[in-house]
Structure formats: structure tokens, C-alpha cells
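Participant: This is what each chain is made of:
Protein chains: 2
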Amino acid sequence: MSDNTQLNSKLDLLKIEIESHLDSYEDQNKIIAPNLNKAMKYSLMAGGKRIRSILAIHAGLMCGGDKKVLLDIAPCIELLHTYSLIHDDLPSMDNSDWRRGKKTCHKVHGEDIATLAGDALLTDAWDLLIEQCKINKISDSVIVDLIQTLSKSIGSYGMVAGQVLDLENENKRCNLETLNKIHEYKTGKLFIGSLLLGYKLSSSSKEEELALINYGKSFGMAFQITDDILDVTGTTQSLGKTAGLDETLNKSTFPSLLGLDKSRELAKDYVISGIDSLNIFTNSESKKNLINLLKYLLNRNS
Amino acid sequence: MSDNTQLNSKLDLLKIEIESHLDSYEDQNKIIAPNLNKAMKYSLMAGGKRIRSILAIHAGLMCGGDKKVLLDIAPCIELLHTYSLIHDDLPSMDNSDWRRGKKTCHKVHGEDIATLAGDALLTDAWDLLIEQCKINKISDSVIVDLIQTLSKSIGSYGMVAGQVLDLENENKRCNLETLNKIHEYKTGKLFIGSLLLGYKLSSSSKEEELALINYGKSFGMAFQITDDILDVTGTTQSLGKTAGLDETLNKSTFPSLLGLDKSRELAKDYVISGIDSLNIFTNSESKKNLINLLKYLLNRNS
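Residue numbers (my numbering), protein chains in the order written: chain P, 1 to 302; chain V, 1 to 302.
Fair warning: there could be bad hints in the mix.
It does not matter which identical chain is used: a pair holds within one copy or between any two.
What the hints assert, rightly or not - Cross-link-like lysine-lysine pairs, in silico, DSSO-like; alpha carbons within 27 Å at most:
id	residue 1	residue 2
1	Lys137	Lys206
2	Lys41	Lys181
3	Lys217	Lys172
4	Lys38	Lys262
Everything labelled a hint here was simulated from the structure, so no lab data went into it. What you are looking at is a predicted structure, and each value in this text was computed from that prediction instead of being measured.
My request is simple: use the sequences and hints to build the entire structure.
Facilitator: And the structure:
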């Protein structure tokens, strides 16, 4: 087996555990509006790599955290990520028909229900996070810290700001500095927030926190550059979402600004600097996984 | 001065204090995407009665709470309420052009930015709530309790569920039981959440909590019934939002099911039972205000 296949089978195992947790979160007895929960679950369980939860879990394990605690709590991040995908796909935003190989939420459940399903995921995430933390006897001060870290990652000073900058740069050619800023916020902030969730559940070393922030920055950029490359080189079938969408929306991307070859070089540079950030940690299975996850971005096909 | 005018001038004073807090929350130095913050602020500062914050503050004061603490923290609720209005007004939802006497957010800032402005308000609210609680030395366990209470009030088992039930009952005649359920969730849950925010910052008496939940239930129903009545009897100018929208959307309402007279009677019944719920509290200025707020619903014109 190649390294890549080995990584994939390991990721798949963790992904299955994460999805089993996600699936168990719903409380059937409390459902008020069944069609809302159906739409939420449709998008939440529509697959995806669960990369944010995986980053959180491995970051936590590398910092000495407990796997059961991390596995109970980290999947809450998928609610936040899924909300952003549902709203991103809406007709007034990217107007996308496909996501993770399935019809997008609004294509199946209607634009109104999809909007509200995103809202509910963005709201329930906090309640669920608190609930899972309480089950695992996490202190209230850590819970407050997690909520503040994650809400800062995705609010008006985080991910949503990046989404707005991204929208504003459709139909015009922006420079590399602006493109970097867009993705630092749109993609990078939630990766960093996820890594910090794992860290805060496991450690309080400022040195480890800083190393993970640097790793997350590199991860976010490498992820986005390879995402841009795939949008050009992949097919809708292999990606599970509409290929060529960036060109359709006339977005500036790394390939459109730098060309494919230079974009690949830049992604490699970020992978190397991301791996370097982890130098302070002693070797462990989780550190190896975080390194391989970065390398894997260079060969990803979806 | 009539009782109503006196109440209005008192409400206006508190409203001005609440808005001055709301205005001060924004951190100019941290802004990443100025157009996002502009859209958020446009809707957040577009007026409105600030009734949820006012309920929170008076409930807290009635339970012996500190006015400075309540005034710092309660206005965070307005971010949650404003998000729900922005998304409610979207073309795929109520498709409303007017709100609080101004063009709706998507009419001014576009549908994409309006969607994201709602998302950002729904996210920043938690960060802000935590920040204001920390400034006021509120314990982490109370902060966690506030976040869980409010997120439950507005998530898939709260307000959003009510919004979905409401959408599903457009273009059909539902019965009174269904209509009650819609408004219990769509309108009532956030009123109760707001009252409990004030209570949890001030008291831990289970008897007081229960009394406030009952008051909130009655307040929500009286508010919604008089809202439905105003949609029939008011004008777009007097309401500051599109009048007659319920009929346009073919929604079941209290007047459409019961007629105007019986709807007015029902609102009065809820006002009486809401006032009764407060019997356990000793007399105070805040209790009087909560009673007058309920009575005021019967004479409101916007």
C-alpha cells in the first residue's frame, strides 16, 4: 500500500467514528419541525472528508488529550462547517447544484428551508458543544473559551468576513495579497479554530498553541490552493461538486493569478512550512497523521 | 399624560440606553470586510422597540439584579433578533421590502451580503455575550447557562422550528392548535429566552424562573395576536413594515381564524394571565413595567 492509501484508510476509520457521533447527536424526541431536521441531517450526513474534526482530534491527541473526549466534542465543528456550505451554495451566493456528490440542500429542500437549516446548524452547534463538554466533565471556563474561539473563527472577524471579501472579488482580477487575505479568513480561520479546539481540550502550553496556529495557517493556504487547482483540473463527478465554478463566477484563484505550475509549487511551500511548525512536538502517531494530512493535500483528488 | 404615553417615554429612555450599548459593541480596529459590518449595523441600528432587551432588563431588575450588568449584557439579544429579521425578510422567505420603516437589508446591501450579515450577527452574538459577561465578572457557569438557554430558544427546537412550521402553513388554512404551536416557537421562545437571561443574571429561585416562563408564554401569544391584528388594521407607514403581508402570503392568522373581535378578546385573556404569573413577585418599579408592557400590547400601533 502506498502512504496515501494508508492515510486514506486511517482517515476513513476516523471519519466513520466522527459520523457515528454526528448521527447520534439528534434527539428524536425533541423534534418540533421534522422537515427542518431532515434538511439539516441531509447536509450534515452527506459525506465530506470531516477534515476539520480530524484536525481537531489529532491536534488534541498530539497535545496529550483524551481520544474519547475529543471524539465526543470535535464533531460539533461539522455543524458549523455544514451551515457555511449550505449558505454558500444558495442561489444568491455560489448558486451551486451539487455538493459532496449530492444535490445541494436548497435543490432538495427549497431555498427557504435550506436557509433555516443552515441557521439552525449554526445555532444548535453551541448547545451541542456544551452538552458534549458537560458529559465529558470539561470545566465551564474551557467551554466558554471554546465557544469564544470558534465564534471568533467564523463570525464577522473570521470566516464570514472572508466570504464577503470573496464575493466582492468576483468579476474582477484581484492581486495575490488580496487573494491570500480572502483565504486566510474564508478557509484558514475555521481550520485554526478546529485545531485550537483540540488543543484547548488537551493542553495549555502557549508554545503548542502558537505552533498549531502556524500549522493551521499553512494548512488553510495549501488546502485552498489545491482546491483552486482541483476546480480547474477535476470533474464534477470526481469532485462531488460543480467543477469549473470559479471560472463561471469569474473568481480570482491561485491558478488564474499564478498558473497551475506555480500554484503547485506554492502549495508545496506551505506544506513544508506547515510540517516545520510541528517541530516542537515529540514524535507521535498523531503528529505523523498531521504531517501526512498536509502532504495528502498535494495529491488529493476531491 | 396617559399611562400609555408614560410607558412609552420610559421605554424610550431604556431603548436609548440599549442602543447606545449596541452602538458601542463594534470594534472598528478589527474590521476585515467593511461592507459586511455596514450591513450588520444597518439592520442592527434600524430602530425597533428593543422589546426583548427591555424584557430581559426588567425581569432581571425584578429578580434583584444589577442594572449596569443587565444593560451591558441584555442588548446582545438584539443581534440574535436582528439576524432572524434579516433572514425572514429574504426573497426566498417573506420577501419583504420594508422593516422598521427602512428598506430591508437585502434591498440595500444585496441578498448575498444580507444572508451573510444575518449569519455574522448570529455568530458574533455569542462572542459579544461572553465579552460583556467577562467585563461584568459573571461566572463561567452562568455564561455557559446563558448560551445554552438562548441557543435552545432560537435553534432547531426553538425559534427556527417555528419559522419552518410557519412556512409550511402558508397557502393553507391551519387550525388554532397549529397556529398556537407556530407562535409558541416562532415568537414565544426568544421572549422566554430573553426573560431568562435577565433572571439568570440576577437570581436562582426556581419559583421566579417558572413565573417568568409563564409570563413569557403569555407575552409571546399576546404579542403575536396583536401583531396579526396590526397586519390587518395598520398601514405600511404606521407599522414601518409591509402591511397586509399575511394575506399576501396567504397565512393563517388569529384574525383569519377567529375574526378581529375574538382575536382582541384572546389577546386580553393572555394579558390577564401574564399579569397573574407575576403575583409571586413583590411590588417594584420593574414589576409595574412588565405589567404595563403587557397591557401596552393591547394598544400598540406598531
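Participant: Please sort Lys137 with Lys206 into within, between, both or neither, judging by C-alpha distance up to 27 Å.
Facilitator: both (23 Å within a copy, 24 Å between copies)
Participant: Given identical chains, is Lys217 near Lys172, meaning Cα to Cα at most 27 Å, within a copy, between copies, both, or neither?
Facilitator: within (25 Å within a copy, 51 Å between copies)
Participant: Could you place Lys38 and Lys262 in one of the four classes (within, between, both, neither) given a Cα distance threshold of 27 Å?
Facilitator: Neither. Shortest intra-copy (43 Å) and inter-copy (37 Å) distances fail the 27 Å Cα cut-off.
Participant: Is it within, between, both, or neither for Lys41 and Lys181, if the alpha carbons may be no more than 27 Å apart?
Facilitator: Answer is between; shortest inter-copy Cα gap is 23 Å, intra-copy 32 Å.
In summary, the one numbered hint that this structure violates is 4.
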